[in-house]
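Asks: Using numbering that gives the first Met the number 0, the letters of the sequence shown correspond one by one to residues 0 to 146.
The set of hints was computed from the structure by calculation and includes no laboratory data.
No residue lacks a Cβ here, since even glycine has one placed at the ideal position from N, Cα and C.
With beta-carbon atoms standing in for the labels, derived distance ranges:
#1 Gly-84 <-> Glu-44: 20 to 30 Å
#2 Gly-5 <-> Glu-110: 39 to 49 Å
#3 Glu-2 <-> Gly-74: 39 to 49 Å
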Amino acid sequence: MSESTGPAADVAEIERIVDVFFGAFVSGPEAAGRLAALHELFLPEAVVVATCGQPPRVYDVDGFIAPRRELLMSGALTDFTEWRGGGRTDVFGDIAHWWGDYGKAGSQEGERFTGRGMKSMQLVRMPQGWRISAAVWDDERDGLSID
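Input sequences plus hints: build the corresponding full structure.
Replies: Structure, rendered in structure tokens:
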């Protein structure tokens, strides 16, 4: 992907937020703490939207985190991890955007799986630092590939 634009300190802080976001989605006993930390990354009024070949599913922050906490801690989803691939961060004043690909892998009910997709995050500078105001994603599927 293209190079990021904006002040280096802002780009670095946004990249850190993106890393913490993806790092939250790892199964195991520490999942609850990692997911709880997501609250500090988001504006309380943030919107999260998933498409993935279905009608858009729109979540508020708690509505996004709660089912993922259940999945990552219930034991039905094991050895799960999600990671960012390439991405681009653009900053203009007090607004920013991260766009990039990601991967995921794990086992659900004993069945191994992998996947990839694209995510977009919009961020705003608040007095306490950068916060995600919106996040959207779509996953690869038949007829839709990152490559």
